[in-house]
Amino acid sequence: LAKTTQPISMDSYEGQEVNITCSHNNIATNDYITWYQQFPSQGPRFIIQGYKTKVTNEVASLFIPADRKSSTLSLPRVSLSDTAVYYCLVVQTGANNLFFGTGTRLTVIP
Amino acid sequence: EAGVVQSPRYKIIEKKQPVAFWCNPISGHNTLYWYLQNLGQGPELLIRYENEEAVDDSQLPKDRFSAERLKGVDSTLKIQPAELGDSAVYLCASSPRSLQGRSSYNEQFFGPGTRLTVL
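Sequences listed follow chains B and E, in order. The first sequence maps to residues 1 to 110 in the working numbering. The second sequence maps to residues 1001 to 1119 in the working numbering.
Each hint should be verified, as a subset may be incorrect.
Straight-line Cα separation of at most 35 Å, DSBU-like style, residue types lysine-lysine; simulated pairs [to be verified]: (1) E:1011 to B:52; (2) E:1011 to B:3; (3) E:1015 to E:1078; (4) E:1062 to E:1015; (5) E:1071 to B:69; (6) B:69 to E:1011; (7) E:1071 to E:1015; (8) E:1016 to E:1078; (9) B:69 to E:1016.
Because the hints were derived from the structure by calculation, they are not lab data. These numbers come from a predicted model, not from an experiment.
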């Protein structure tokens, strides 16, 4: 099981770009990297998933280097509503467990 | 499109009492998950269903927890008897794709959860 390591918390001012890095040294060949966002009193919400290089959607970008041992979630121009906990997961084919970890608590400051 | 529905949203019981949580996944989603989330922690998988089959229940404490997904749609998670340490949020999620096979692509849709307090 490829567990992940990410910072416990981060602060950012409104309008700035935020990059959250996740380490997953034991990632396997067929594993995908997935990020979720969770607001208080809500279930997590899928943000983005990728396998290699760069993936972009309307919410975020995901950068994955060639060795795939880490990944970076990039949130452009954050607003106060982006204050949440962000989880990095490595999803394995036929996984017997989906490990969320403790996530990164992002606080956006006015 | 309706999201994942869970009920009740809140439940307060005394220890040793039974409790049940209900989940209705998004229509057409064959994969269903139950998670437990403690305060300040990430969700922890309890059980995963592919249709009506529990394909991963290795993290489910089977001495007191049970789950069922009759007809491969709605699911119920039960605790009997509840203990003080069971106080947590119980999350249900569904996915249109299975983790079986060659693809690991997995987007899960979570419900709002049921907050259980055991006194």
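Outcome of the hint check:
no.: 1; hint: E:1011 to B:52; verdict: violated, 43 Å
no.: 2; hint: E:1011 to B:3; verdict: holds, 32 Å
no.: 3; hint: E:1015 to E:1078; verdict: holds, 14 Å
no.: 4; hint: E:1062 to E:1015; verdict: holds, 18 Å
no.: 5; hint: E:1071 to B:69; verdict: violated, 41 Å
no.: 6; hint: B:69 to E:1011; verdict: violated, 41 Å
no.: 7; hint: E:1071 to E:1015; verdict: holds, 31 Å
no.: 8; hint: E:1016 to E:1078; verdict: holds, 13 Å
no.: 9; hint: B:69 to E:1016; verdict: violated, 45 Å
Comparing the model with each earlier hint shows violations of hints 1, 5, 6, 9; every other hint is respected.
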